[in-house]
Amino acid sequence: MATKLGPTPVKSPASGGAPTHHGPKGVGEDNKILSQGKWAAWLLAPTVIALGIVIVYPIISAIMMSFQKDAGLDPATGLFTAGGPAGIQNYVNWIAQQCSAPGGGTLACPPGTLGAQFWSATATTFFFTIVTVTLETVLGFWMAMIMARTFKGRSLVRAAVLVPWAIPTAVTAKLWLFIFAFEGIANKLFNTSILWTGSEWPAKWAVIIADVWKTTPFMALLILAGLQMIPAEVYEAAKVDGATAWQRFRMITLPLVKPALMVAVLFRTLDALRMFDLPYILTGGANNTTTLSILVINQIRQGFNAAAALSTITFVIIFLVAFIFVRFLGANVVEQSGATGKGKK
Amino acid sequence: MSTATAASTLRAEQDKGRRASQNREKWVQSRTYISAAVILTWCLAPAYWMVVTAFRDVGFTYDTSLLPTHVTLDNFNTAFDTSFGNRFGQALLNSVFIGVVVTAVSLLIGVFAAYALARLNFRFKYLVLGFILGASMFPGVALITPLFQLFTNIGWIGTYQALIIPNISFVLPLTVYTMTSFFREMPWELEESARVDGCTQGQAFRKVIMPLAAPAIFTTAILAFISSWNEFLIASQLSSDKTQPVTVAIASFAGAQPNQIPYTAIMAAGTIVTVPLVILVLVFQRKIVAGLTAGAVK
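Quick note, the sequences are listed as chains A and B, same order.
Be aware that the first sequence starts at 1, since it is given in the numbering used here, and climbs by one per residue.
Be aware that the second sequence starts at 1, since it is given in the numbering used here, and climbs by one per residue.
Bound-form chain A, shown alone (with noise of 0.2 Å):
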């Protein structure tokens, strides 16, 4: 904070009276010059109380609702439950896959039932993650490379990666979903018999393919933009150094793209953790691709408060990755954004 403040001339703060207006618009007819943090504090009132409303306490909410017991019909007794505190029960219930038995106690869940799933969702949650998370960061790396060459046609590329992203995730599940039909040009191109969404693996890669193909050009962009920021002298200076070509990637390229690279894969990290529509129209969440969203999602019309207790825990991992990534992997959103003082140079 030590940069200069801005060419807005800074007086006392209006004294008496509260500020009648909300922003800009009523400033023009008094005077008066607020305060920067008055300023400040007026400006972002709308946006912090709405986010406050549809955030905050949504969580607050659901973290409440997670320590409530569901009412409803006992599963072995047939007899009506009420609610109440239930404490920690709803978490342990998942975590050690236990499900309420006969007599009020608990046993393990049966093979098939929502709270069987928690570790293969969570499980299946992170092999999507780290195997899409690889291939976009790799392809989109290479993709960014080529777009930041100069040719005929780099408008037209640049222009093109824009279409996957452009398309809704859920049309793009439908469309891959026909493309991986049985008779389908995926097997007819590969020459396969494939049954795609019929079984484990096949599901899996089908998943990862059209997530792949979503968001990459997401990642090649923001790679994009960062390899642009490295000015093309520091390569000339290298060349003459006679720095050979995997050289100046791994001396130059990779070091000064890393803080771009660090937030575009910090951003899909957090988008893969949470990932729900691919799978969900994709697949149905069968054949193991059940992510934790998904799961919520099944359990809601179970019962609330244990989908609450589910949901906190899913929030509680992908805040726990996105701690790691900031605290130890140095990937620094709040500054990479630019927020420091002035954008001006």
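Treat the hints as calculated values from the structure; they're not laboratory data.
Where hints are given, some of them may not hold.
Said to hold, decoys possible - Calculated cross-link-like contacts (lysine-lysine; reagent style DSS-like; alpha-carbon spacing at most 27 Å):
1) B:287 / B:207
2) B:287 / A:152
3) A:188 / A:204
4) A:239 / B:16
On the provided structure of chain A, position chain B as indicated by the hints.
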């Protein structure tokens, strides 16, 4: 004599070197074109397949010839046909309505926040920015459970506000975030000059900055609209037949036979949903890319 020989040898060497490097250039260049062709194919082929299928007669759904065959417009009629319980036309209107409201509200609220974050110095700026960024990364499923219960209790399931309000939760952070980056790039000196000329800060903002900011705001609006248009998770749970957006309509598109997916009609619906967006995105390509990558670099 000997110097001449040496000179000519040197020249020959240089020529050879130049030719070699020219060859290498050519090789690099052609490799670039091959790579570019691969990228183009990878990105466009599936989208192309969607459009080709959309125009293909339903009897030839699984025709795998790569060029358009059995061209017909029937599928577009089928897409809008409501006799199998599909409400695609209604869903289109719903999506436009929800998208416009969400975009308008987010921009209206977000523009002030973005201005503050880009222009003003105040305490807790990083905290606010971190909060907004965190909000944009927030998993939708963490919202859905309490909202589902709340909206069930107050009878909002199947209303437009039940879809609009949660959509704002992820469109608004995106809006603020993108506009903040745009605003930091603008020539604010002009504002200063306006103030020197006697404008108040409010007037300077309204008369000088707003017109300049219009392209940035427009781009942000496109990004906001797209992200609302693409939303599926919340809508799949909180919408009814009457309020469902296109994503939900397409995901649950039914055909004449329950066990047969009407792919050609779905691809036609997908094409209708996608093509306007793709055109919009391609027209404003530069701005969109700037908006998408805003914040990740610089």
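Hint by hint, here is what the structure shows:
Distance restraint check for residue 287 (chain B) and residue 207 (chain B): the Cα-Cα separation of roughly 23 Å lies within the 27 Å cut-off, and the hinted pair is therefore satisfied. In summary, the hint linking residue 287 (chain B) to residue 152 (chain A) is supported, as the alpha carbons are separated by about 21 Å, within the 27 Å threshold. With a C-alpha separation of about 20 Å, the suggested pair residue 188 (chain A) and residue 204 (chain A) falls inside the 27 Å cut-off, and the hint holds. Of the supplied pair hints, the one linking residue 239 (chain A) and residue 16 (chain B) holds, its CA atoms being roughly 20 Å apart against a limit of 27 Å.
When the structure is compared with the earlier hints, no violation turns up for any of them.
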